[in-house]
Every structure is written in C-alpha cells, then in structure tokens.
Amino acid sequence: MNKEQTIRRKILLWYSQNKRDFPWRHTKNPYEIMIVEFMLHRTRADQVVPVYRDFIKKYPDIDSLASADPVEVSKVTENLGLHWRGKHFINAALFIRDNFRSKIPDSRDKLLTVPGIGDYVAGAILTVVFNKKEWVVDSNIARFLNRFYGLKLRGEIRRKRELIKITKRLYQTTRSEQLTFALLDFSAMVCKPVKPVCCSCIVKTKCTY
DNA sequence: AAGCCGGGGGG
DNA sequence: CCCCCAGGCTT
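If you're matching positions, the first sequence starts at 668 in the working numbering and goes up one per residue.
Below are the DSS-like pairs computed for lysine-lysine, each with C-alpha atoms no more than 30 Å apart in a straight line:
| # | residue 1 | residue 2 |
| --- | --- | --- |
| 1 | Lys742 | Lys724 |
| 2 | Lys832 | Lys695 |
| 3 | Lys819 | Lys862 |
| 4 | Lys686 | Lys819 |
| 5 | Lys725 | Lys742 |
| 6 | Lys873 | Lys832 |
| 7 | Lys686 | Lys800 |
| 8 | Lys873 | Lys670 |
| 9 | Lys832 | Lys819 |
| 10 | Lys800 | Lys777 |
| 11 | Lys835 | Lys862 |
| 12 | Lys859 | Lys695 |
| 13 | Lys871 | Lys686 |
| 14 | Lys835 | Lys873 |
| 15 | Lys835 | Lys799 |
| 16 | Lys777 | Lys832 |
| 17 | Lys832 | Lys800 |
| 18 | Lys859 | Lys677 |
| 19 | Lys819 | Lys670 |
| 20 | Lys871 | Lys827 |
| 21 | Lys677 | Lys835 |
| 22 | Lys777 | Lys754 |
| 23 | Lys670 | Lys827 |
| 24 | Lys677 | Lys871 |
| 25 | Lys835 | Lys686 |
| 26 | Lys799 | Lys770 |
| 27 | Lys677 | Lys819 |
| 28 | Lys686 | Lys799 |
| 29 | Lys859 | Lys686 |
| 30 | Lys859 | Lys799 |
| 31 | Lys724 | Lys754 |
| 32 | Lys873 | Lys862 |
| 33 | Lys859 | Lys670 |
| 34 | Lys725 | Lys695 |
| 35 | Lys819 | Lys871 |
| 36 | Lys800 | Lys873 |
| 37 | Lys799 | Lys677 |
| 38 | Lys742 | Lys770 |
| 39 | Lys742 | Lys695 |
Hints were generated in silico from the structure; no laboratory data involved.
Predicted model, so just to flag it, every value in this text is computed and none were measured.
With these hints in hand, go ahead and build the complete structure from the sequences.
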C-alpha cells in the first residue's frame, strides 16, 4: 500500500467520526454547491450558513438567479463582505443559462469557462456533486499537504505546481466526494494554520512537519 | 508572481 | 486592535 492510500484511509476514517455538519452537506444540487462555494471565498463557513439558506430560498435555481435584480441579490450577500461577489453570482447564472442551457456542466474545462469558477470551485463541484476522479485544492488542504510532505513552499502555496501534482495523486480514488469533505474538515480542525493539534493527529507518524 | 477585495469573529 | 477566513481576477 502506497503512502497516498494510507493517508486517504486514515483521513476518511477520521472524517467518519469527526465530520462537521453544514446545510450544504445535505445536497447534491450542483447549483447549490456552486453558490455556497462562491460564498466561502475567504469567508468562514459559520458566517455563510444563514446567508446560504436565505439565498437558496430566494433564488432556488439558475434561471431564477439569472433573471434576478442585481440590487436585490446584493442585499442578500452584502454582509459577507467582498461586495463584488453580488454581481458575480448573476454573471455566472447568466453565462450558464445562455451557454449551457441552465445546466451546470460536469467537466473541468467547461466549468472553468464560467465567470467566477476557478480550479477550486470546479473541483468542488466535480467531486462533491458528481463524485468524479477529480481534485480540489484550497488554502487549508494546501497547508496540510505542504506540512505533511515537507514541501516547505511559501507564499500562495495553493497555486504552486508541485502541490497540485501531489493533490492529483492523492485524489486517485473513487471516493472523491468523501475525500474533499474529509480533507477540508481535517485541515480546518486538526492541521490548523496556527497551533495545529499534532498530538491528536492520526497521520502524525508519517508527517514530516 | 503579486496585489486586491471586505465584513465579521476570535485572540 | 489586529489578524485571518472553503479564491478568483487582474496586472
């Protein structure tokens, strides 16, 4: 068994006993996942919960959002900060309505053509919704892998080629959906940015940090 | 490769 | 009061 398989097994086992619960963990609707991933940009998950509920209630699908009043949409999202995101939601909805017949695509190439969707959001949709053999890197997962493999990368490590390469190897699994949530929760709760809880880490014996 | 956006919560 | 947070876009 290689190193990646071992990590996957341990992280998934840890996840089965320590998973966080959020409203968007109970849906496979690609639209809802896209919306919440937009909201989670540099924003704490707890802060997103009420806004997400309100947003989905008012704009339940691509078409309702595409034809919505931008000012009204901004009112829903304003307390998330990063105010440019208000237009961002509608632009993505318009693009998907006009180019993909209101159906969110299931390939990375097509997802990346949508304004506001980058590698992270695309990967999240592909794994969480479609359970594809795809990959996801965010700042938390990047930090965990950087420590675990002793890469010693600095700066915006989530964009580094070497890190993406390792992530793709880690995602050689048929359980990409579970793995994404597991990595997000583990890196947020155990392998934290400051004061990581190494004493209760289930992969510490193989960690080079 | 680096700067920028932003309100809100925690140290 | 300061710092950070499930990124993507622009230069």
